[in-house]
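Visitor: Take a look at the letters that make up each chain.
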Amino acid sequence: MKKLFTSREALLCLLILAMLLSVGSVAKDFLSLSNLLSAYNDTSILIILALGQMLVIITRCIDLSVAANLALTGMVVAMLNSSYPDFPVPLLMLFGMLLGLTMGMINGLLVWKLEIPAIVVTLGTMSIYRGIIFLLSEGAWVNVHEMSEAFMHIPRSLHLGVALLSWLSIMVVGIFYYFCRYSRSGREIYAAGNSPTAAFYTGIDVGRSQFIAFSISGLLAGLCGYLWVSRYAVAYVDVAAGFELQVISACVIGGISIMGGRGTVTGCVLGAVFIGVINNSLPVIGVSPFWQMAISGAVIVLAVIASSKAEKKSGRIILKSAAIVPSR
Amino acid sequence: MEKITEQKWQLSKDWFKAIKLPWEFFLILITALVFTLCSFASPYFLDVWNLSDATFNFVEKAIVALPLAMLIICRDIDLSIASIIALSSVAMGFAAQYGLGLELIVIIGISVGVLCGLFNGWVVTHFDIPAIVVTIGTMSLFRGISYILLGDQVLKDYPDGFEYFGQGYIYWVFSFEFALFLLAAVFFYALLHKTNFGRRCYAIGNNPTAAFYSGINVKRHRLLLFVIVGALAGVAAVLLTSRLGSTRPTIALGWELSIITMVVLGGVNIMGGAGSIPGVFIAVFLMGIVTFGLGLLNVPGIVMSIIIGGMLISVIATPVLIKKFSHRGS
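For the protein sequence lines, the chains are A and B, in the order given.
Residue numbering for the first sequence follows the numbering used here, starting at 1 and increasing by one per position.
Residue numbering for the second sequence follows the numbering used here, starting at 1001 and increasing by one per position.
In short, the hints are calculated from the structure, not lab data.
Keep in mind it's a predicted model, so treat the numbers as computed, not measured.
For glycine and all other residues, C-beta sits at the position ideal for the given N, C-alpha and C.
One should not assume that every hint holds.
When the alpha-carbon atoms are kept at most 27 Å apart in a straight line, the in silico DSS-like pairs for lysine-lysine are as follows [as the list claims (entries may be wrong)]:
hint: 1; chain 1: B; residue 1: Lys1194; chain 2: B; residue 2: Lys1219
hint: 2; chain 1: B; residue 1: Lys1219; chain 2: A; residue 2: Lys113
hint: 3; chain 1: A; residue 1: Lys113; chain 2: B; residue 2: Lys1324
A few chain A residues facing chain B, derived, Cβ under 7 Å [what the hints assert, rightly or not]:
hint: 4; residue: Ile248
hint: 5; residue: Val287
hint: 6; residue: Phe290
Excised from the complex, chain A in its bound form:
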């Protein structure tokens, strides 16, 4: 029972509720169902990407290329749609996911087969993917009037009063919940991140687990490429520039340990929702949006300080200095 109240997830939940209530007391309409739904809808893309990133971080890697991957698939999908407006959108979505998967697999293969540190690989592919957008589009924008009606409409279409975009993120959360807890690959990912040596001796291919994590992260980035472009109704070279850091922030706030092996789907979703609530509530309470960045930065620093204390209590550290060893 004590564990339930001191866990990261419970704390985050309380914090989010407190924020919602305090903002709601200033602006009454903020707590209306339609506003909450639209705020969630706003956060859906972040949730999906953060879940992909979570798997990568659990395997002790990091994926800096998600935003560039998202932007490239978004551009390709938008260009295809403007040239072939009759091409069915669900197939286009599938194509975007495959394209994102390919890019994620490239990252994963470089990490798995060549054993280059993930941060180096994704730092490189991040600028490569971003550059390819420019080569494809020659710097031109794809604007809303060039996109077909179905392309724009599908993520906004309401089912049971909730937009498809939100449903998609809920579906992804459900799949992840199953994948991380009950599937073999999911458990292997945790094992590989928790102790690579032990995982190796139990017959788990650590590199393969990392490859799978990168592939899933790429696949989801590809899906989000279409969702992003459709939601904001524009595709250009700098779409979602710097968004990878917000995705990583969501994971860090959600308690995913950057040292690998630790982190839950619930925590990750709450981390993303936390950022979403901040983004959505600042304008409501009349704080300049310029505060947003500093607040999320401060929250990350405070969150990691808080979790470092929690982790210290839970683990028995024989050598005090042993805690310094894995720095990354």
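Based on these hints, arrange chain B on the given structure of chain A.
Guide: Frame of chain A; chain B shown alone:
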């Protein structure tokens, strides 16, 4: 995994050593090749003034790359460098608006850098948190503070004489910035390769526990390195602000990644424990020449980023690939 990767990495370095080819030699070769190609490709390349102008585009980044290399050798990393540059530039802008003198403005700029570095180092060492997470946080925090202070405004009331740091020449084509960079390179070469302080970096990077038991104050050492990185980011902020003559909160946006690229290209192991200042020094020029040469050929900046990204991966993948294939042969 970390251990295995480290070992492989070390092996690939050994392969170079076995045939007496250090990493730096490999880099010089590529740099010379690119330099020759560029001078054939564009008639404007081999002009001292053009080359001198080209240095302005990478010298500020390079000045931060030198101490960052030492920090990365120590298994740490600082992603907040570009944000420190922004915050320190904003501080200088307000100091200038307040009517402070030249020396005070520069001192304020560098001290803000030192304070930011101190904060990073304190959080990392005091709470035992991986540097990458902390600096992802402070990256938003420091730039966020610049946004809060400045919003969408511009600060540009810098006093006369301030422009010298970023635009002045000390002799003929040698700019103040470039001279300062050379000085910094010599200083950091001596610091990393000729002093106990430098040897400790390698010791900590290779095995922090062993370093701790051999009597190195690991925490203090790492804290000091964070402060040095912060201070040099402050220096870079002085140069950049002086060159641009204005401050916006978006100043130096995205620089952290290109600075880290310089360091990694220079052969510094991102897992810590290996790397050299000469390597980083050459990598800085390699990136500078590639950017400048392609710029003369009218290649857009974003396409250059494909080439730099490709270079980063292939330069690191090549030795690994060669090793794999040579093993298969034997």
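Visitor: Evaluate each hint against the coordinates.
Guide: Structure-based check of all given hints:
1. A C-alpha spacing of about 21 Å is found between B/Lys1194 and B/Lys1219, which places the hinted pair at or below 27 Å, so the restraint holds.
2. At most 27 Å may separate the alpha-carbon atoms for a hinted pair to count; B/Lys1219 and A/Lys113 exceed this at roughly 35 Å.
3. The straight-line distance between the Cα atoms of A/Lys113 and B/Lys1324 is roughly 10 Å, inside the 27 Å bound, and the hint therefore holds.
4. Annotation: A/Ile248 was flagged as interfacial toward chain B, and the flag holds, the nearest CB pair being 6 Å apart, inside 7 Å.
5. The beta carbon of A/Val287 is not positioned within 7 Å of any beta carbon in chain B (closest approach about 10 Å), and the interface hint is therefore violated.
6. Checking A/Phe290 against chain B: minimum C-beta separation of about 4 Å stays under 7 Å; hint holds.
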